[in-house]
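Chains as they are written, first to last, in the working numbering: chain A, 1 to 352; chain B, 1 to 352; chain C, 1 to 352.
Bear in mind the hints are in silico, worked out from the structure with no lab data behind them.
All copies of an identical chain are treated as equivalent in the list; a pair is satisfied when it fits inside any one copy or across any two copies.
DSS-like, lysine-lysine: derived pairs with alpha carbons at most 27 Å apart:
(1) Lys301 x Lys153
(2) Lys95 x Lys204
(3) Lys301 x Lys64
The structure displayed is predicted, hence computed values, not measured ones.
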Amino acid sequence: MYPLGLAQRYPYGQWWLGAHASEVNRTILPRTILGQAVVFFRTESGSAVALAGTCPHRHFPLAKGCLVGDSIRCGYHGLTFDASGRCVHIPSQDKVPPAFAVRHYPVVERGGSVWIWMGSSDAADPALLPPLEEIGLGAAGWAMEQHPLVTIKGRYELLIDNLLDLSHISFIHETTIPGGGAVAAIPPEVIDTATSLNVRRQAKGMPGNPLLKLLFPDYDGRFDQNFDAEYYGPHLIRTGGAIAAHAATPGESSRPLGITNFIHAITPETPTTTHYFVVTTRNFRIDDERIARMNFGMGAKIQPQDTDVLESIEATIDQVGDARRELVCGADAGAPRASAARRADPRRTRAS
Amino acid sequence: MYPLGLAQRYPYGQWWLGAHASEVNRTILPRTILGQAVVFFRTESGSAVALAGTCPHRHFPLAKGCLVGDSIRCGYHGLTFDASGRCVHIPSQDKVPPAFAVRHYPVVERGGSVWIWMGSSDAADPALLPPLEEIGLGAAGWAMEQHPLVTIKGRYELLIDNLLDLSHISFIHETTIPGGGAVAAIPPEVIDTATSLNVRRQAKGMPGNPLLKLLFPDYDGRFDQNFDAEYYGPHLIRTGGAIAAHAATPGESSRPLGITNFIHAITPETPTTTHYFVVTTRNFRIDDERIARMNFGMGAKIQPQDTDVLESIEATIDQVGDARRELVCGADAGAPRASAARRADPRRTRAS
Amino acid sequence: MYPLGLAQRYPYGQWWLGAHASEVNRTILPRTILGQAVVFFRTESGSAVALAGTCPHRHFPLAKGCLVGDSIRCGYHGLTFDASGRCVHIPSQDKVPPAFAVRHYPVVERGGSVWIWMGSSDAADPALLPPLEEIGLGAAGWAMEQHPLVTIKGRYELLIDNLLDLSHISFIHETTIPGGGAVAAIPPEVIDTATSLNVRRQAKGMPGNPLLKLLFPDYDGRFDQNFDAEYYGPHLIRTGGAIAAHAATPGESSRPLGITNFIHAITPETPTTTHYFVVTTRNFRIDDERIARMNFGMGAKIQPQDTDVLESIEATIDQVGDARRELVCGADAGAPRASAARRADPRRTRAS
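Chain A on its own, in the form it takes in the complex:
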């Protein structure tokens, strides 16, 4: 459910997850985002900064330079740029012409991450960030694990498709996600919210499994579990959701036990590669290190499985060629609508 052509524009008008907060410090971090070389660093007072990643003089990667106070000095000829991108020093001459500058990208640090705006700076409104705290990112009462960044050799649309059709859990992750074998058989429903499109599969009355027993050791009955795939935009999808004690008799209500989320931040690196940040959050037993370890362990198995799928598909796209057309089946409740939403998004602003 994607236009596979590379001529398409990136959806610039988004806050993309550029780096986790812990990655941005007094060492220069290079990262390519939406095809542009970017460097991240932190000022002496602790503010995160994002600048274009190559020196405008000879295009040398600024990541090979060094920080001098709040400025970054190119490692080739010593041109130095301050945290706003303005050139403040050129060796062998006294004055710096105004044209000497590198592009400065707006950033917002929230929810444990540094979000970067790649489109026109004047459209960079922090209010456009997704409701991070609602889903447990940097919020009181929630535990959060940031999994290691994986960069996939596949276009980002493939990852969106992957996440919006969780029937794949029954095939790709059948043995790695306890209870996942049942997902494909559950018809999805699509819920529109003000900020998202939620493709929900509700598993009712599921028996316990090792994962649920670890999460809820004190509960011994059957479970109701949501397998949501909630699309906030091409940059952020939440999967997982609420888990409840199953109501044994018809009149009874189910009793909420807790929420576990997989937050998937998707940041295009190039037209055919994608940075994939996974963060797990939960609103119960937030200090339990065993659950944190289990989440990291599950992520370490699940991400390579999806990476293999996406890279396999990316590799076939050239062969599929003009005959490409995708077939839409019932499990595709979400992807076509998310794709249409992306195309209609008024925030698809230009790159600069």
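Go by the hints and put chains B and C onto chain A.
Then chains B and C, alone, in the frame of chain A:
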């Protein structure tokens, strides 16, 4: 003697050797043929099947799925296709729309191999197969050794050229093919047959050599040996040929000793890579394991030598660029005519 | 200061350093120069020869053939070409058509190297060679060290830019070139000569450093040292220069101590790769092996540093894309003028 441009069409109207019969079984075999991803497998009753290699839903490689009876199930979302390519099951829904299908390719199993038709199915006439049994493929009274598949990083036309000008034996294979040093000096003649174009070099009165002594230990005289290069189409070339006892006196006839063939099945993988299947056949001492071992040993030396030549040339083609024009010399008796025949072939049908 | 577009023409009208004399012998040396495959060898009487590197018959690399007297024989079908490129033998036939020939390139052996002319042969005038002996190449009274060839994955213009702006010494080579830290702060002056454009930075009254003490152990005072970057064309740049005893009092003249040159021969391999030959020369203590060893040691550290810079920039060029425009600062005294000179050069003749 090839049009080197990549814009050319493949000659679709042929039965290409897709796989040896032993490669096609209850494990899915992926293979790219004429630029298309294909999967081979065998039904429970033993019939060879060839289907398009990617799922039409999300283009995931079907080779990463599994067989369920005579059907193949995609490993991503579980869509299942029967041996005709028709989708027979989609999880999360009851009905399967008719558009859900993968392409089915006609195959014929003969001569120890599975031959596949990549053009329009209605043109797939088994009568168009070359005379396989005549050259010892799957025929009574013949021994046959199938050598391991080699996939060459070079366009298939380079391999046709290589085989149709056996003067290269004297240079590339001088030390690996006993008696080969004499070939270049023998002028070729071209013999048209109903089904082939045979470029023949006849070595008369050759002394014995280790190879001939191994083949004919009971004969101690001089030999007449044909170095044929018989072109049945871009898919199949036979080299080698009849070996006879040399007639010592003018009036006498030579006495046939036997025929040894190298069968070369050539199947384009992509515009610039080629599957190269070699099969050796002979019509004498067919149960002699020593000859079989020697044939495998010779093949294991000869194929890498030709592969190196073809890959070296492929690597230079970009550099040769527009200045490309080939010079035709006497040894090129066959290649230009085979090339012209290919271009004139009415069976150059469209891909589908 | 380069037109980065690949559509540009190479500047053919130059003597390019094709190989050092010691590389050209009775073994065939293949080397791609200005995008063309070339083979070098030496005749039995010792003359260096350069011919096109692929056989015109089937485009097989001639470097995989062998020398037969003063001729080169193709390893595929045995076609044989003499030192002028004329085909003198084709197996399987008596006569050789005149069209059978490989291109012959003019070469001149001088200054310890074989210089090749890739443009029209009739324009190949040895008088167009740079003044090699003046800068110590193959001249009496000079020592010369030929450093190992490095082939850089970057376009040759990047290397010219690198060399013409020696302010980079203060950043890239700060710890490898003693005294280099001071270079960036010295404003350059540009000196036009009949045959060159010299971008000179003069360091006056420098204290000694380990390098200078090794070169001039008997002198204990301050130094005047030229950091020249002298452009003879896209094929040859000289850096380094005269070193003198600093005049302690205003009226006094400095006293010459000697000249040390780094000669940089730049030969495009392909549009985006470059052969980089470095030769060090000096006109004092020419038999001192310790200085030779030190020069080799410094080269072994400096060349990888520059290679890393150039390859980093080459890798970013695709990303920089259409937004590419370079900014010119004071240290760029030489590069823009050299670039303009290249574009205006009447010797930008066609390739053939």
